[in-house]
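Protein chains in written order, with our numbering: chain A, 298 to 768; chain B, 298 to 768.
Rather than coming from a laboratory, the hints here were simulated on the basis of the structure. Certain hints may be false.
Note that identical chains are pooled: a pair holds if it fits in a single copy or bridges any two copies.
Stated by the list, open to error - Dumping the calculated SDA-like pairs for lysine to any residue here, alpha-carbon to alpha-carbon at most 25 Å:
#, residue 1, residue 2
1, Lys641, Ser551
2, Lys641, Thr687
3, Lys695, Asn515
4, Lys726, Ser316
5, Lys641, Arg680
6, Lys641, Arg370
7, Lys641, Glu594
8, Lys641, Pro681
9, Lys695, Arg408
10, Lys635, Asp614
2 protein chains.
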Amino acid sequence: MSRMFKRLSSTVTIKATPSKAHHHVPLPSSSFPTGYVLTGIHAGVKKNHSVLDLGLIISTSQQPTSAAACFTRNAFKAAPVLVSDQILQQTGGRARAIVVNSGCANAVTGRQGLDDAWTMVKETDALLRPLPAKNETLVMSTGVIGQTLPITKIVAGIRSQATPEGTLGSTFEAWERAAKAFMTTDTFPKLRSRVFTIGGVEYRMAGMDKGAGMIHPNMGPAGTTFGASKGQLHATLLGCILTDAAVSPRSLQSALTYAVDRSFNSISVDGDMSTNDTIVVLANGAAAPSGAKEIDEETDRDGYEVFKKELTEFAADLAKLVVRDGEGATKFVTVNVKGAPTYKDAHSIASRISTSALVKTALYGEDANWGRILAATGSVPLRPATPTSTPPTIDPTKVSVTFVPSDGTAPLPVLVNGEPEIVDEVRAKEILSLEDFGVDVDLGMSGDGEATYWTCDFSYEYVRINGDYRS
Amino acid sequence: MSRMFKRLSSTVTIKATPSKAHHHVPLPSSSFPTGYVLTGIHAGVKKNHSVLDLGLIISTSQQPTSAAACFTRNAFKAAPVLVSDQILQQTGGRARAIVVNSGCANAVTGRQGLDDAWTMVKETDALLRPLPAKNETLVMSTGVIGQTLPITKIVAGIRSQATPEGTLGSTFEAWERAAKAFMTTDTFPKLRSRVFTIGGVEYRMAGMDKGAGMIHPNMGPAGTTFGASKGQLHATLLGCILTDAAVSPRSLQSALTYAVDRSFNSISVDGDMSTNDTIVVLANGAAAPSGAKEIDEETDRDGYEVFKKELTEFAADLAKLVVRDGEGATKFVTVNVKGAPTYKDAHSIASRISTSALVKTALYGEDANWGRILAATGSVPLRPATPTSTPPTIDPTKVSVTFVPSDGTAPLPVLVNGEPEIVDEVRAKEILSLEDFGVDVDLGMSGDGEATYWTCDFSYEYVRINGDYRS
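Modelling step: build the complete structure from the supplied sequences, incorporating the hints.
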């Protein structure tokens with residue numbers, strides 16, 4: 298009985314979550330894609346007048362603008378998800394604008410929610426030139442919920458952009474304002490840009506995203522089942538990527554689907570999937586040579602592959618910002634699994650390691666507890682090669698685990714071919730006390746399945762934020 | 298930028314985890330099955346001499362003793378799991394003894410670990426009368442690891458039971474000592490018994506288990522692939538159930554497999570599956586009428602169904618004790634999902650709700666945040682009826698969520714057919730401030746799939762225990 302009461306109360310000082318503000322940096326205007334105007338304004342969804350809550354992104358290109366999106370696979374899709382999905386299907390992947398609000402997720406708001414989302418689309422469509430023949434605005438919402446949108450204020454905010462008071466622009470400051478309009482519990486606006494070349498022509502892409510909690514996206518392409526309901530939820534992953542390349546709608550979608558799997562669908566803060574997760578990409582062709590065809594996977598395979606690679610890397614950059622800003626996060630951990638039979642197997646195992654409460658609390662405690670990593674790895678059933686075949690099994694004597702520091706110093710193997718190394722605990726602590734480090738798991742199986750996941754630790758601060766979110 | 302630094306440090310006083318000691322109660326000796334002797338001793342695996350670390354359970358019945366087990370499905374199975382599995386296959390489901398040690402899990406200990414587990418089997422076999430022709434002892438280990446067993450001390454401990462100093466007995470005190478020998482981070486020994494009747498004959502079953510962290514078992518019957526490796530892990534679910542009914546080996550296994558799915562495979566503390574999870578059941582026939590046949594699902598369907606029901610209920614009782622003693626747990630929550638197409642769908646959804654970090658932190662915060670429950674529900678893909686058919690989808694307008702107090706007062710519907718109720722927050726707080734309550738989710742789909750899961754909340758205390766487990 299001596300053990301009883303061992304696990305009782307004590308006072309704990311929560312470690313200061315390090316400031317993440319330095320991850321927001323100015324970007325040169327020349328790195329932003331041409332043919333877009335943006336803004337972020339205070340429309341009145343949020344009470345605080347100094348906080349931006351409505352963002353607009355509009356393509357002004359003379360070329361057709363392609364659009365693609367990946368939406369949450371959650372059964373309880375929010376109204377803006379359902380509406381944007383439907384628009385992409387109606388237009389066959391053409392859209393010229395994005396409207397986003399923060400402060401209210403318009404999720405689980407029934408018929409009224411759908412009406413409000415459509416209103417946002419139609420009001421934003423009215424800002425487009427030439428005026429669209431069909432709906433050409435995609436809509437996104439995020440925030441603390443259980444309520445319908447203050448749609449009158451939002452409509453007024455959108456209409457204000459057609460007046461001389463309008464602030465749509467293409468400077469860094471305009472992009473920054475749009476990025477700020479996405480924010481909810483985020484501690485910094487998440488904005489990045491990059492320049493790339495396809496066939497000797499220079500293009501640009503820039504994008505923004507938001508998210509800190511309820512982050513474990515699983516998004517797929519448009520064409521999901523419709524249905525809506527009402528209720529209080531919160532938080533979400535939202536993002537958009539804008540490029541001035543010209544890409545056919547179907548190839549934009551397939552490149553995005555590939556990129557999202559390897560970026561936004563490969564991050565976890567808390568293992569919880571939201572009802573609003575949405576990633577949109579627009580390609581307006583504004584930088585394409587006159588008369589050039591749209592990049593397409595069938596007619597321009599090389600160009601498509603370059604574009605897909607750029608999009609995937611860029612999406613990963615944006616996704617990682619969400620993990621860095623994860624609720625209560627003090628660590629940024631890259632989990633790499635290789636030597637698996639397939640990419641999907643590697644991805645499932647990396648996901649399991651990245652969501653394990655025992656792994657994540659050990660990361661917080663800066664404890665090189667690879668046993669927990671192994672237990673998480675072994676808990677994932679591998680997929681059979683065909684529906685009727687026996688699934689492959691992990692051979693424990695071939696598995697290796699290594700901690701990889703981010704500072705360029707030597708990696709630390711802790712398990713090699715199933716044999717535990719005699720670990721230098723001082724060195725282990727040194728690596729785990731870094732803000733950034735990696736965990737590599739090599740299953741040593743035949744097959745080249747490899748996947749990377751990004752996760753953060755699990756801290757007192759996470760419990761504090763989410764233990765009394767509504768109070 | 299006003300939001301920046303919002304999520305910074307503060308001092309938090311960890312709520313006192315309520316004492317769980319009252320869940321350990323004396324049981325009448327008449328409720329224990331006949332034909333078993335047990336003990337728990339200090340063999341020296343653990344340093345503290347007042348702590349028991351070796352348990353022995355031996356059937357003294359003149360009838361054949363049937364044995365069945367479910368083992369972890371983790372790819373990294375510990376040595377005792379591999380050895381017990383092999384014995385059950387060799388004997389065709391006959392075994393008369395169980396030996397268990399705590400303090401060292403003998404997991405990931407390579408060839409030496411397997412040798413040590415076999416030594417424990419053979420030494421315990423030597424205590425059986427008549428002496429067995431084949432191995433008839435099942436072995437289990439649990440504890441903080443990375444090391445091989447102190448096998449000399451364990452052998453001496455087992456052999457001491459053949460001497461006049463031996464403490465094997467059948468009193469409550471003997472059962473209690475055996476239960477204590479299972480304990481690691483548990484705060485109380487977990488021991489229960491029950492009396493039941495089949496065909497007018499009275500039988501008894503009693504059992505014990507242990508576990509507090511790394512609890513999210515997924516166990517299946519014997520016959521898994523072999524393989525072993527080395528490494529530091531910890532914690533586990535172990536349990537055994539002893540009955541004096543006579544049950545054929547195959548029916549004991551099928552009843553146990555059914556029972557484990559609805560008990561031990563339906564609990565979660567932290568969503569992490571261990572490498573050592575093992576549940577064993579022995580049926581020694583000591584209370585069966587002379588000359589009676591063993592209960593079997595083909596030759597005595599009625600008797601089998603009664604036995605299966607009793608075993609399932611009893612296994613659930615034992616499983617629930619583990620959740621009550623979950624690391625850092627302050628709540629005991631019963632999650633019931635119904636109106637699903639199949640039991641498996643209901644079970645997957647109940648499991649997802651029970652492991653959601655956002656749900657569990659809200660439970661800790663006594664926050665009736667049903668939105669998080671809904672998001673978790675919607676994140677689970679339902680199974681297609683056949684491999685080639687389209688999976689069914691949840692209709693959000695048919696889903697209802699209810700909080701159910703344990704004190705017999707009225708349940709509180711918070712979502713009815715997809716429509717949020719206007720929730721009396723005072724009443725909600727009243728229910729969630731109870732130690733025990735339930736969450737009912739009705740999907741409203743055609744099909745009678747229903748499953749129950751037991752979980753606990755996610756507290757600062759959990760982070761404290763697991764953030765510096767090894768230090």
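Against the structure, the hints:
no.	hint	in the structure
1	Lys641 <-> Ser551	within (18 Å within a copy, 33 Å between copies)
2	Lys641 <-> Thr687	both (17 Å within a copy, 21 Å between copies)
3	Lys695 <-> Asn515	between (31 Å within a copy, 24 Å between copies)
4	Lys726 <-> Ser316	within (22 Å within a copy, 34 Å between copies)
5	Lys641 <-> Arg680	both (8 Å within a copy, 18 Å between copies)
6	Lys641 <-> Arg370	both (17 Å within a copy, 20 Å between copies)
7	Lys641 <-> Glu594	within (23 Å within a copy, 40 Å between copies)
8	Lys641 <-> Pro681	both (11 Å within a copy, 19 Å between copies)
9	Lys695 <-> Arg408	between (55 Å within a copy, 15 Å between copies)
10	Lys635 <-> Asp614	within (21 Å within a copy, 41 Å between copies)
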